[in-house]
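Protein chains in written order, with full-length UniProt numbering: chain A, 1 to 129; chain B, 1 to 129.
Since the hints were derived computationally from the structure, they do not count as laboratory data.
Honestly, I wouldn't trust all of these hints.
Copies of the same chain look alike in the list, so a pair counts if it fits in one copy or across any two.
[Stated by the list, open to error] List time: in silico DSBU-like cross-link candidates among lysine-lysine, alpha-carbon distance up to 35 Å:
1. 54 x 39
2. 25 x 45
3. 25 x 54
4. 39 x 25
Here are the chains, one letter per residue:
Protein chains: 2
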Amino acid sequence: MIPTDTHDTGTCQRISELLSRIGDKWTLLIVRALGQGPKRFSALKRELGSISQKMLTRTLRNLERDGFVSRTVTPVTPPQVEYALTPMGLDLFCPIAALAEWTFAHADAIDAARHAYDARHPDAGYRPA
Amino acid sequence: MIPTDTHDTGTCQRISELLSRIGDKWTLLIVRALGQGPKRFSALKRELGSISQKMLTRTLRNLERDGFVSRTVTPVTPPQVEYALTPMGLDLFCPIAALAEWTFAHADAIDAARHAYDARHPDAGYRPA
DNA sequence: CAGGATCCGCGATGATACTG
DNA sequence: CAGTATCATCGCGGATCCTG
C-alpha cells in the first residue's frame with residue numbers, strides 16, 4: 001500500500017513534471033556525460049553523436065533553468081562555453097541512480113511481462129492503441 | 001562524480017524509457033490511485049476527473065503490458081473490470097518514493113533557480129526556444 | 001565555436017461519437 | 001460499464017541555413 005497522505009495530487013504532478021524532464025530523450029545522457037566533469041558545447045555534441053544542435057541547446061537550457069547545470073561563458077573569439085553539473089544537479093542523481101539500479105535489476109522481468117502480454121494479445125503486433 | 005561504468009549508453013536509454021513511461025501525464029496519478037487498493041475502470045476515471053477514456057485505457061494497457069498492473073475481467077452484464085498493482089508494480093514505487101521525497105525537499109530550490117533564471121533572461125517571457 | 005531561426009514529420013493527448 | 005474508432009491539436013525532436 002502506498003501512503004496517500006504524502007502524495008497529494010499536486011505533489012504527484014510536480015513529481016511527474018520532474019520525471020518528464022529527466023525522462024526525455026537526452027537529459028539523462030547529457031547528465032551522465034557531465035557527470036565526468038565540465039564540458040564544452042561541442043564536446044558534448046561530439047560525445048552524444050546523434051543529438052541535434054537544437055535539442056542539445058534546449059535540453060541544456062532547461063537543465064540550467066532548473067538549477068541542475070551551470071553555464072560559464074568565457075568571452076573570447078571564438079566563444080567558449082562550459083557546462084557543468086551544479087551541486088544540486090549532482091545530488092539529484094542519488095535517487096535517480098537508485099531508480100536506475102531498480103530498472104537494471106528488473107529489466108528481464110519487464111521484458112518477460114511484455115512478451116507474455118504480446119503473446120496473450122496476438123491481434124495486430126503491438127501498437128499502443 | 002557519477003560512476004560511468006555502471007551507466008553505459010544502452011542502460012541509460014533503457015532507464016530513460018522507463019522514466020518516460022512513469023513520467024508521462026497520467027501514470028503516476030493512476031498508480032497512486034491504485035496504491036490504495038484495486039479499483040474499477042470508472043472508479044479510476046471518476047477519481048482522476050479530467051482524464052479522457054482513451055488515455056486512461058492506454059495508460060492502463062501500458063502498465064499492464066509492463067507487468068506493473070493486473071487487469072481482471074468478471075464476465076457479467078454490465079462488464080466489470082478491476083485493476084490492481086502487481087507486486088512488481090508496488091515494488092517499483094520504493095525508488096519512485098525516494099525520488100518523490102527528493103523532489104518535495106528540493107521543490108523550493110528548483111522554483112528559486114527558475115525565477116532567478118527568468119530574471120536573468122527577461123527577453124520575452126520564458127519559452128523553451 | 002556556440003548558438004538562433006525556420007520548416008517539417010510524428011506521436012502524445014484530447015474531444016466526440018459509437019458499441020457489446 | 002468498459003471500452004473502440006475517428007478527428008483535431010500541440011509540442012518534441014530532427015534537418016537545414018544563418019550569425020556574432
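We went through each hint and held it up to the structure:
| no. | hint | result |
| --- | --- | --- |
| 1 | 54 x 39 | within (17 Å within a copy, 43 Å between copies) |
| 2 | 25 x 45 | both (14 Å within a copy, 29 Å between copies) |
| 3 | 25 x 54 | both (13 Å within a copy, 24 Å between copies) |
| 4 | 39 x 25 | both (20 Å within a copy, 32 Å between copies) |
Figure legend: structure checked against the earlier numbered hints; every hint is met.
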